[in-house]
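Line by line, the protein sequences are chains A and B.
Number 112 in my numbering belongs to position 112 of the first sequence; there are no gaps in the numbering.
Number 1270 in my numbering belongs to position 270 of the second sequence; there are no gaps in the numbering.
In case anyone wonders, no lab produced these hints; they're calculated from the structure.
Computed from a prediction, not measured in an experiment: that's the story for all the values here.
Where a beta carbon is used, it is the ideal one built from N, C-alpha and C, also for glycine.
Be aware that one or more of the hints could be misleading.
What the hints assert, rightly or not - Across the chosen pairs, the derived CB separations fall in these ranges:
(1) A:Ala255 <-> B:Leu1020: 47 to 53 angstroms
(2) B:Ala1178 <-> A:His207: 27 to 33 angstroms
(3) B:Lys1127 <-> A:Thr263: 36 to 42 angstroms
Letter by letter, the chains look like this.
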Amino acid sequence: MARPFHDNPEKGVVREHWDTPLLRYLHDRFRVRYRYLGLPGVDLIDVNLWRDMIDEVIAFEPPGRLPNRRAAIDQLRLNMRIRNIPGIAYFGSFEEVVMLRKDFDGQHYSQNKLITLYNLDFCDEITSKVETQEHGKQVWRFEAIRQILRDQAVCFQREGSPRHFIMLLTIRNQSSGAKLHHLLTGPALLAEAKEHRQSCSVSNPFHDNSNEPLIGTHTWALKAVVFNYLLSYFNNPCLSTLFFPGVMYNGTPVAVGRGRARTTIPSPMLHWVVLCRFAEPEQVSPACWPSRYLGRSCVSVGGDPPLFWSPQTGETDGSPLAPNPVAWLEEHGSEVLRGLL
Amino acid sequence: MPKSRHFSREDIGGEILPILTTGLYRDSMDALREYVQNGIDAGAKHIEVSIDPSTVSVTDDGCGMTRPQAEKAIRLGISDKNPVESVGFRGIGVYSAFNLCEKLEIYTKPAREPGSHIIFNFDKIRKTLLVERERQKSGNDPVLYLEKLLQANVYVKADEAGVIARQGTKVLMSNLVADSYKRLQSWDEVETYLQDVVPLPFSPAFRYGQMIEGHFARADYRVVPLALEMGSRRESLYRPYSDAMFSGDEQYEPKFFPLKKGMQHFGFAWVCINGRRVLKDVRMRGLLIKKFGFSIGNRSYLESFFKRTVFNRRITGEIIVQHPGLIPDAARSDFENNSARQDFLGLLPGFITDLSSWGDQIQQNEKARQVLREVTNDLGVIAEDLPKSQRDKNLMLKYNVELADLEHRLNTHKKTLKSQEDLSAGYDGAAELLKHCKRLVHDALSASAAAQKRLEQNVVKVVQAETSIKKTTPLTPDEPPRELPAVLDAVGIRLSEDAKQAIRLFETDYLLPHISPEAYQSLLKQLQDVLEEGQ
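Chain B extracted, bound-state conformation (with noise of 0.2 angstroms):
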């Protein structure tokens, strides 16, 4: 007997194969994104995936696979691609079709080079694991060794058919399993997930798409057209981002921050950001981390990094990840654990700052808008009334007090107003009409004749201020809520439709027998501004 007896190639048995692929490809739909991943990695210009009941198809133009990489395409857990350059690089993925088809088959053919077709006969390797294990049920030793169970059922051959006409790869999965099918029915689905894992570009219907694909190319950052076909429907697919999602005119410039620390280039973040308001859609809320167009982890990731998580749920955008040694995990939910990642993590708190940053900035921007128009709107009326009711002593304090509120509020705002170019002329033209009116008040509040003299000419000069004010600053007063539902909605909280009928009815018997529907309406606005700033 030898002294010592070494690890053999007959110490691998076929279980592990239905063991490595259930364990790291548990969503039929992992297999499409391999075979996409494929396709990228072989820098294709554009991948097609169809989708039928019998067969599953990823064709791209890469550049194919010559004879010898493709007999070594077929090795299980070796890969010959660079993980700084490619996402897949486990030598593993080849085989994630394993549970969703019986068999599988690559035909693939560089430019100028002979094509190869690779068939894995995946049924008939679960038939053959079958049979070894009632073999072994029955007490027999087990020979069913993982080199001979491939050795039968995997193997290279010429592209006799010519499948492939000038170069590029075809993953072809036959005879699908059932089961597996039945979550590739459903095109929302596979769209959703497509758009999670492929770096596709943008849809036509976003504005700001093709601004942020230019920063994308200037980034040396590539996106992949891919058009995806089930039953009589076929459509290019897009980034899952669109004007819609946006409130309103609330929708800004995309913001570009650089990923830097030190010498060390991480990416780049694209940020949009939805004004004040959270954005329509909970699920484009927050920021992806993107490496190769594969996301990492989900939109929440970054959200423990904001000092407010509001803000999280008013941006959209992406973080293009481009440090080589950031690398995904195989779950793809993070990064592997090491230094790139540590640093990598170091910045975040910076660029969430600045992040911030502009978004308070955009926020303030918006307040004093929404100041500026509410005063403008405030002042409008009461320089209306102002002439015909001068001698009403009453109503003249009233309106002095009202004044010396409107004169507060547009000064908190005022650096910001006077700082935006297009917000300037109409702070100034309510800052005239507001000085007119004040004085038309105290005079009014006089008794002097001189003061009475004065008075007929601010009533001119109230009017022709008002006048001016009109034509300067556009008016377009936000639509006030009417109804709690529709302000919980505007902030992001979904309630039932049955929450939304019994607040709808305590409200119209209960709540608003007792008070005027302008004063529920304007604590309505209150509730608003409350929740949008304290979420």
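Excised from the complex, chain A in its bound form (with noise of 0.2 angstroms):
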């Protein structure tokens, strides 16, 4: 499946009116800068819009099509020289090597400092599998973020002083029944995303043996789902967490199939944001805020309002006001801040 394009229109309005005010209010009234790691995209637009904020960047770029696989890395590195961007660029998906620990190229990759801003963007199913160090034993890609996590941990030892970390995240919103149904009955469902189940799915159910991509229509699953793996990869006697609203927005339409069976789908997508804050276990009780997350409205691009709350299966209405991440983090975020102020 192809990869949505990063210049997407709806994406730049995720990334100018959600992600940029957020990072923005951070470096301007906390002087946070970043250290950014993810997938910038040989054209680098997340990296430029944000330029003056970043120290250093570690960027992936997955091999291309056949037959130059690796016009888009040589590119992306060309263009960071081009532009004085201080960092590395790794050949392979983000996944693959902070699992394998080495990209395509041979390059080691480890992590020396904390990172504070992660720009993911998993493009294909979540459940989609990568090879691990462990004799190539196969983990979903979603696992990548358990190591990432693993490897912040080990750098906040080192570091020691509360520090803070974005991750910006993107799925594809796109499931099949059977997934979900897998998914969301596993024995380390946690409370709220069982409940959760319960209750939206008898409004929005979904046939459980059926393997048809469910595209955009089950938001509420997803979430559920997303919102269940990523507590337990935070799950870390020194972290707190802050979850925004997530915010949909249709990516670039791909091509699937071949021959006369080809055609494009949509490419519904979900966005999210978490600012974390470690900090030593005696100082923070873990925790997650808002509560009751999962009961809270999703946020959607339109036109005019570029941003408007749009409530999916389960949720309650949105605030009156229009989605603002700032205003968000400033009525939820006094835990997650602390250490900032």
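Using the supplied hints, reconstruct the complex from the two chains, each of which is provided in its own coordinate frame.
Following this line, the structure appears as structure tokens:
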């Protein structure tokens, strides 16, 4: 499946009206500077937009299509040099490089300083798999998040003082009923996710054994899955987290199938922002804010205003005011912001 | 048909480009050198080299090129640079990346002027040459001339992206040829190479670095800070000198030697010496000749000028050449053969003589210091024993001989020791103790009553003198070598681990059962002295 383009117009709206105000607020108000790890794309749109706030970039670029699989990574590296962006670009998908600890060029991957800004794009379905260091054992791509949080924890232990980081996470709002059923009935499901499933599946059910892709129709289910797994990855006595409302937008449609069966399908995307704070265990009771997060309204990209509250199945209406990440942070983030104030 | 035919531009085929670049720049790192060199020639105050598997970039903050200069920079074998002021002046260096990358781009901008973007499409040049070769194999006439080839693939345009914000030049070599990149993957290799070709500053880990840089500044010799970035590692590079190269306390302040002959000023040398020992790091032994920071030849260049070649192994430093007539050859292994080179070579024996005298003086001081240390030690042992063994005639006879020997050793170095401010007091103390010990032994050996009375007085004096010498002479005896491999290591003879094991086995199982450890240590010490003197 092709990757959505980074310069998709709706993605641009999310970047401009949701991510940028938040990053700029933290930078201007608390002098936060960013060490960026993510997939900026060849044209480095994010990085260029936030260049004045970024000290270093750790970028990933997977191989492109034949005949020149290196074209994108070569161009990305060249662009980083032309624009004097300090950092390193790895050749390979973020998940593979992080799990295998090296890229296709043989560059070793290690993290020796805390990353303060993740911008991760899981363009394939989150249930697809990737090889690990353990004799090629395969795990979910999403497990890479667990790995980067382990790396973060090691860096935090070394650096000590309270540290904050932001995770921008984009996933494809698509899965099959069978997969969602499997993921939402596992023994590790948290109480909130279980409760959410029970209340939502009545009004917006899916067929438990269907392998047909559910494209953007069951946001509540995907949101519950991602929230459940992120919380299990964030399970660290030194870590507290603030989840921002999920933002839904339409990515660039992708072509699927071959020959006469080839067609394009829409690319509904779900964008998450999570602000995390590492601190010594005695300084924080690990917690996730706000409570009853799954019942809070998502945000959608529109025309005018560019963002609006868009409650999905099982979600209550949003605030009467237009969605604003800075207002959300000020309302819910006092605990997570401790140490910055 | 015309009577004569003159050479024309169509007589230079495209193949001349790979012939020239491959011949001159065999090592992929030579391209780095060429672009760094251009930055230095442009008066850069800071240079940055970044290497990743796709791209190599060299960025400097030098004066940059105006549009007309950028247009001239693409010429092949023509340069406006003055060989007196610049290292590069042959006009080929800009093509040095031909074998390294598919595309070379140079962004350059002088202050307050628009920037230029120079593009060399090496990949297309190579492909065009390949097609031409195939054409010729099929019996076709050659049609690819150098002019046509470069015209199609090398051009200058305005830097529309504004890559250089203020002033300077950025050289970007992209889509690296895989084989070439291999050589650039090793941090250590790139660092060593750049240390050899860039006038880097000294490391903070070298205590005399600032002093030498001060001398550089007074002599109008510029150092250029350079940062190397490779993957996630980014560090400033320094000249490869550090305090760790020298053994123990045997590090002396550097000495500066002006290099002049009549009215001709060739530059200067700075030299550090490692006392009486050879330098631990083999690669750093000897003097390196530098012009504009670029090394000429290697550190063995001057070895043949020394009467005792071991001397070259005890010193490290550089000869900074500033004479405009001394022009490095293309391979930078020597200078071009001209009258300036002849004069320079003629100057070297005198310089080596001055250097050797300085080294000899240091060696004598070191030797004297060591003798004083040993004599003081031995005297201390005797002095401590004398009061209680004065009635043992045999022992007194033995001490009599030993004291005569110590006196002889001390007197041999008297002049040197007395001339050294820090050793003079130690010498006086040792001489005083020696005098009292000698008198005590003498009285102990004579039988008269008067002598007996003097003996009692001398015992007191010896004890006092011994106490005083302990206060005045810092006793820092060398750790005596305990095994042969350690001795060989100390004098710079490298053995394999297997050889060391075999020698140790021989020592412990076959030699030490027949000789006391003290006697063996003494033999090893003598061997070390002989090897150090004789090297």
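Structure-based check of each hint:
no. : hint                                       : verdict
1   : A:Ala255 <-> B:Leu1020: 47 to 53 angstroms : holds (49 angstroms)
2   : B:Ala1178 <-> A:His207: 27 to 33 angstroms : violated (51 angstroms)
3   : B:Lys1127 <-> A:Thr263: 36 to 42 angstroms : holds (38 angstroms)
Going through the hint list in order, the structure does not satisfy hint 2, though it satisfies all others.
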